[in-house]
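J.: Sequence:
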Amino acid sequence: MKLKNLLLAAGLGATLALGACGSDDSSSSDTTKEDTSMNDDSSMNDDSSKTETAVNAEKIFANNCATCHGNNLEGNVGPNLTKVGSKYSSEEIQKIIKNGKGQMPAGILKDDKEIVAVADWLADMK
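Each step along the sequence shown adds one to the number in my numbering, with nothing skipped, and position 24 is 24.
To be clear, the hints were calculated from the coordinates, so they are not data collected in a lab. Misleading hints may appear alongside valid ones.
With a straight-line Cα cutoff of 16 Å, these simulated EDC-like cross-link-like pairs (lysine to aspartate or glutamate) come out [what the hints assert, rightly or not]:
1) K59 / D120
2) K98 / D120
3) K83 / D120
4) K98 / D112
5) K95 / D120
6) K113 / E58
7) K59 / D111
8) K87 / D120
9) K126 / E92
10) K101 / E91
11) K113 / E91
12) K87 / D124
Please model the complete structure; the sequences and the hints are all you need to start from.
T.: Put into structure tokens, the structure is as follows:
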């Protein structure tokens, strides 16, 4: 009986931890903001568009990744990402986001523009 309860608790805990790591509930609002920023980019210089992308990447991270990696990238269930750019390039981070790694499941972010924005933003963390 104790083993059955232990397995049930472990399964429930794993389900909650993985379920909390990613959510698509706010993806429609992020997409709307990205579309707006793309329209604004045509009248802005290159530095402004990078800042806008960083702002969007931060919001995407906050909505989909911060539960496991912490609001300040300090780590929680997932690893600390404060200096992830010194270990991985943007391309390597994109692969990790798409395919998962370790306990991180694949497919938390599905939109390629979001994946690139978050990976570029994280690659700057050195």
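J.: Please go over all the hints and tell whether each is borne out by the structure.
T.: Each hint tested on the structure:
1. K59 / D120: This hinted pair holds, its Cα atoms lying about 14 Å apart.
2. K98 / D120: Given that 16 Å is the threshold and the Cα spacing comes to 14 Å, the pair holds.
3. K83 / D120: The given pair, whose Cα atoms are some 13 Å apart, holds under the 16 Å limit.
4. K98 / D112: 9 Å, holds
5. K95 / D120: 12 Å, holds
6. K113 / E58: Holds - the C-alpha atoms of E58 and K113 are around 13 Å apart, at most 16 Å.
7. K59 / D111: The hint holds at about 14 Å.
8. K87 / D120: 13 Å, holds
9. K126 / E92: Holds, at about 15 Å.
10. K101 / E91: 14 Å, holds
11. K113 / E91: Answer holds: K113 to E91 is near 13 Å, not above 16 Å.
12. K87 / D124: 11 Å, holds
Violated hints are absent here; each numbered hint is respected by the structure.
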